[in-house]
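Here's the letter readout for the chains.
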Amino acid sequence: MTTASAELQEPSAATPPTGGPRLNARRREAITAYILISPWIIGFVVFIAGPMLASLGLSFMETDMFSYKWVGIENYAQLLSFDTTRSLFWKALFNTAYYVALSIPLTMIVGFSIAMLLNQGIRGRSAYRMIYYLPAVIPGIAVSMLWLWLFNTDFGLINWFLSWLGIDKVRWLQDPGVAKLALVIMSIWGAGANMLIFLAGLQSIPTPLYEAATIDGAGAWRRFRNITIPMISPTLFFVLITDMIWSFQVFTNVFVMTKGGPANSTLMYVLYLYNLAFKQYRFGFASALAWLFFIIIMIITLLVFKSSNAWVYYEAEIGGKRS
Amino acid sequence: MSTATSLDQTDVAVQTEITGGLSRTKRLQHLVTHGILILGGIVVLIPLAWMISTSLKTPDQVSKFPPIWIPDPVVWANYRSALTIFPVPLWVFLKNSLLMSLGITVGTVMSNSIVAFAFARLSFPGSRVLFLIVLATMMLPGQVTMIPLFLFFSKIGWVNTYYPLVVPAFFGSAYFTFLLRQYYATIPRELDDAAKIDGCSTFGLFWRIMLPMSKPALGITAIFAFSWAWNEFLGPLIYLSKLESFPLALALSYLRGTYRVLWSELMVVSFIAMLPPLILFFVAQRSYIQGVVISGVKG
Amino acid sequence: MSGSMSRRHFLRLSALAAGGTALTACAPQVVEKVVTVKETVEVEKEVEKVVTVKETVEVPAEIAPAVAPASIRLAEGSWVGPEGIKFWTDDIIPRFELENPGITVTWESAESDDYQDKLYAQAVAGDAPDVFFIWWSGGLMEKGQLLQLDEYFDKEYMSDFYPGNVVGQVLDGKLYGIPKYISTVALGYNKDILDEAGVPYPDGTWDVATYLDACQKCTKVTDGEITQWGNYISDGYLQHWVWMNGGEWMNADLFGTEALFNEAKAAEGLKYNYDMIYGANPTSAKPGQIPDMGWWNVFSTGKVGLVESHSWTVTNYIRENNFAWDFATLPKGSAGQAGLTFVNSYSAFNGTKEKDASVKLIEFLTGPWAQKAMCLGILGLQPARRSMRDVWDTVSMGAQAGKNVKAFNDIMEYARLTPEFKDSQKANEVLNPIWEQIWVTGELPFQEGLDLAAERINSLYQ
Chain A
1 MTTASAELQE PSAATPPTGG PRLNARRREA ITAYILISPW IIGFVVFIAG PMLASLGLSF
61 METDMFSYKW VGIENYAQLL SFDTTRSLFW KALFNTAYYV ALSIPLTMIV GFSIAMLLNQ
121 GIRGRSAYRM IYYLPAVIPG IAVSMLWLWL FNTDFGLINW FLSWLGIDKV RWLQDPGVAK
181 LALVIMSIWG AGANMLIFLA GLQSIPTPLY EAATIDGAGA WRRFRNITIP MISPTLFFVL
241 ITDMIWSFQV FTNVFVMTKG GPANSTLMYV LYLYNLAFKQ YRFGFASALA WLFFIIIMII
301 TLLVFKSSNA WVYYEAEIGG KRS
Chain B
1001 MSTATSLDQT DVAVQTEITG GLSRTKRLQH LVTHGILILG GIVVLIPLAW MISTSLKTPD
1061 QVSKFPPIWI PDPVVWANYR SALTIFPVPL WVFLKNSLLM SLGITVGTVM SNSIVAFAFA
1121 RLSFPGSRVL FLIVLATMML PGQVTMIPLF LFFSKIGWVN TYYPLVVPAF FGSAYFTFLL
1181 RQYYATIPRE LDDAAKIDGC STFGLFWRIM LPMSKPALGI TAIFAFSWAW NEFLGPLIYL
1241 SKLESFPLAL ALSYLRGTYR VLWSELMVVS FIAMLPPLIL FFVAQRSYIQ GVVISGVKG
Chain C
2001 MSGSMSRRHF LRLSALAAGG TALTACAPQV VEKVVTVKET VEVEKEVEKV VTVKETVEVP
2061 AEIAPAVAPA SIRLAEGSWV GPEGIKFWTD DIIPRFELEN PGITVTWESA ESDDYQDKLY
2121 AQAVAGDAPD VFFIWWSGGL MEKGQLLQLD EYFDKEYMSD FYPGNVVGQV LDGKLYGIPK
2181 YISTVALGYN KDILDEAGVP YPDGTWDVAT YLDACQKCTK VTDGEITQWG NYISDGYLQH
2241 WVWMNGGEWM NADLFGTEAL FNEAKAAEGL KYNYDMIYGA NPTSAKPGQI PDMGWWNVFS
2301 TGKVGLVESH SWTVTNYIRE NNFAWDFATL PKGSAGQAGL TFVNSYSAFN GTKEKDASVK
2361 LIEFLTGPWA QKAMCLGILG LQPARRSMRD VWDTVSMGAQ AGKNVKAFND IMEYARLTPE
2421 FKDSQKANEV LNPIWEQIWV TGELPFQEGL DLAAERINSL YQ
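Chains as they are written, first to last, in our numbering: chain A, 1 to 323; chain B, 1001 to 1299; chain C, 2001 to 2462.
For the record, the hints were derived by calculation from the structure and aren't laboratory data. Incorrect hints may appear among the rest.
[As the list claims (entries may be wrong)] Only pairs whose alpha carbons sit at most 16 Å apart, straight line, appear in this in silico EDC-like list of lysine to aspartate or glutamate:
id	chain 1	residue 1	chain 2	residue 2
1	B	Lys1064	A	Asp175
2	C	Lys2286	A	Asp175
3	A	Lys259	C	Asp2113
4	A	Lys169	C	Asp2223
5	A	Lys259	C	Asp2223
6	B	Lys1155	C	Asp2127
7	A	Lys279	C	Asp2114
8	B	Lys1242	C	Asp2113
9	A	Lys169	C	Glu2225
10	C	Lys2426	C	Asp2117
11	B	Lys1155	A	Asp64
12	B	Lys1242	C	Asp2127
13	C	Lys2332	C	Asp2213
14	B	Lys1242	C	Asp2223
15	C	Lys2303	A	Asp154
16	C	Lys2143	A	Asp64
17	C	Lys2086	B	Asp1198
Construct all of the structure, not just a fragment, from the sequences and the given hints.
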């Protein structure tokens, strides 16, 4: 099983607490533990908690690195304004949501289908697995360059394939109507990353479950519906969560391929953040944007967690053991 | 697809599966599966083949439609000219990428192996809460901390150095702490007890039992840390501004910004940039996949 | 092929220069001054101000003591590919180091898209290059990040530069940069397309009506889709259309505090261009929708009849264009001719530890030798020095190719600097998104957009 079912165990469960020197040993152990995790604690304070608070503070200020001015909630007010000449927050959020909403189901379905095919005990599985996983290994920047070339209107491979079907040249990255779609198509190419996790999940389903069902006369669809789906649902859940957080942060490909254009149609959230912070040096405004991002991701993650009660089955519920 | 086969067919298939032989339907089904998988494989590989093909073409052939698949003539010289396409030789970027990635890898393995050990094996007040925080930060989008960190690092003069990119790796990272802790948890606890009875200190336990036992997981950590560092883009983009200090990934994006897009050379450099993680993947494929499976982390 | 030609070209030039080593930054000018330039009174005043500050300081650059050994960084670029980089690292810098023993210069690239953004970050972190090339330095100038240069460059030195360009280097009467080259906009035209459309070549006598008509005639529509554009409009530089129509962009030449571009005459000048994009019979593509292509290489595709283009594009076009083409001055508006020029400069970082060496480098780069090299070599830049006008007109790559590059210098006679509002960064934060919605996305109606932009900008200064 993958991480989704990982539980937090008190590591010390094995050592029963007793009095006297034992206590001393326990304290010694605790001190050792704190020393050992101190890099992480320092890292957490210096690189995560501290900056997060600083970011929150900055979000109420106006600053260009040379001066700082307290402006209250003005940054947030401006950001949330629907006036697109004052803020592109909604635009960027919409673009990102559009991308996430299309790319995640597609990459999950494709990845899952490949995993199902590979799980049939066919020959050459590891070779297939390797090939399909390949795009996930390639640096994002190289992938972007490659697809920039594939999407090229005049000489690109994709328009060449489309010309077989009698479809005219599509201006993939120049047409505001299709640029986002181009990014989605590109993301499907990397669906192999999900495949690997799904395959691991599928392989961890005990075969006796299928055998018993077959003997009971369950057909392929029923076995899929009643065994595969519930048993794989924790994996699905995990992939959904990580994919979502990951896709919301889409940056490299838009930065390299479109710079957010044409007409801001691929202006993704993080790209907008980058532009505000590192092209215009509006750190306060950008910090507010970052905090909104954090809140949005938190809310969505929580919603998915909440919904998981309805569709994620843990082993215990279908008769498995729960350790 | 197996799910699409009709009821009776599968029944037969399952029956033969149980008796051991491969029936005709089963073979047919496998044939179809192979067909689909091969087709999908081609879709995955074609862009890469196209990349290599483009990298060997003359500018004339690059801009041909319909495209030419086999370059004629094969311009190996593109690879030579790509080495000098930047004002600084390409190996400088390779060296930068390598040093940065190695630094990050060392930091990641060192810090996380220790931190994860404490979380996996030692009992201390607050361990549960702290580990929950580790898990929570795994979900945290880095953009929230990006701006204050940039201001902080520029205050202490670290802009235009590799410190902002490498130093944080020495302070643990949620993913790897989690991954290693999961692995440590699979090492039987009896070993600890035995070691303790033999008078082994906590550090001895870590150094002499856990580390040797978890070589595969450490290997995975190193491989992932290296590949991710190699692919890292946003960090260098923000912190580095001198071309000669760019890692390869950033230098590659710079090629796009110049006056003309030289597709052949661009594909050459892209190809070179993807080689190290690719080679690492091929060489350590088994660990790689195992790592993905343990942590559910994607490459 | 053409690339190697330019290389040879430059080698020849270097050989020439090596012959006459006396051609240092302070040596007498080689080229005769041909034309005196008309200047507006306000511009003259600005320069005078610079000069008065100077006169109290008695250190003429020429007799300054030899500079102590120093190592400095120069951020530069050539934007013509790897060949162009070697221009700096193999030719210009070695030459400077030869003339200034003890000073070593490290070259840093200025060619990346976000060079100027990063320059800002570097300045804040105290790690900016000692000397750098910069287009509009307003932000850094206003934030006090540039070294004040008055005490190093006197009136005589500055007098050779077009006053219109010097104005852009001055803030509150203090000098912060020396112009690198002239970047003026002229009208490029594709002779093949004009011939086919039966349009006579522009000869400097065109008015707006002739121009609009030519754009219409050069536009080709096949199956309802435009396959050949009459012209290409960049929303980034339209100010001269305001001026030629008798309007004003803002209430000052530079650092204005009130927008006037929405007033009747100004708006009318802009509207010509707007209608060419969004009107009933468009002749120009929407700007900025082709990320792979800016206006400078759109012309090279051979699918655009007329294009307003900078002087530095000439050498690019010589390399890229496989059709007949040339340049002419811009059409005349109802208020006569107008031209647009862009400020750019060499400046030094205020935090540099090597002030003297940095100034020496700026002096070298803006001196006759380097100016000539930048003009004749692969870069093909129009010299910032008035005394070198003839070099551009007669022996630059464009001139040798028989192109009417003189048009750029003719326009420079009356060209005005691109106007920038006071506190330019803030003004642009407000202006850019609105401007984009008018010209690029078409979300805002024309006049409404202009009014909104003006209103928002004006409210910044109240």
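Is the hinted pair lysine 2086(C) and aspartate 1198(B) satisfied, with a Cα-Cα distance of at most 16 Å?
Not OK: lysine 2086(C) and aspartate 1198(B) at ~68 Å, beyond 16 Å, violated.
If you draw a straight line from the CA of lysine 279(A) to the CA of aspartate 2114(C), is it 16 Å or shorter?
holds, 7 Å
Would you mind confirming whether the straight-line C-alpha gap from lysine 1064(B) to aspartate 175(A) stays at or under 16 Å?
violated, 22 Å
Decide if the proposed pair is consistent with the structure: lysine 2332(C) and aspartate 2213(C), CA atoms, cutoff 16 Å inclusive.
Holds, at about 14 Å.
Holds or violated: lysine 1155(B) to aspartate 2127(C), with C-alpha atoms at most 16 Å apart
Holds. Lysine 1155(B) to aspartate 2127(C) sits at ~11 Å (cutoff 16 Å).
Given hint aspartate 2113(C) paired with lysine 1242(B) - CA-CA distance at most 16 Å:
holds, 13 Å
Lysine 2303(C) and aspartate 154(A): Cα distance at most 16 Å?
holds, 14 Å
Satisfaction of hint between aspartate 2117(C) and lysine 2426(C), Cα-Cα up to 16 Å
Distance of about 15 Å is within 16 Å: holds.
Please work out if lysine 259(A) and aspartate 2113(C) have their alpha carbons no farther apart than 16 Å.
Distance ~11 Å between lysine 259(A) and aspartate 2113(C) Cα, so the pair holds.
Starting from lysine 2286(C), check that the Cα of aspartate 175(A) is at most 16 Å away, please.
holds, 11 Å
Can the restraint linking lysine 169(A) and aspartate 2223(C) be considered satisfied, given a maximum Cα separation of 16 Å?
holds, 14 Å
Would the pair lysine 1155(B) and aspartate 64(A) pass a check requiring their Cα atoms to be no farther apart than 16 Å?
holds, 14 Å
Of the numbered hints stated above, those contradicted by the structure are hints 1, 5, 14, 17, listed in ascending order.
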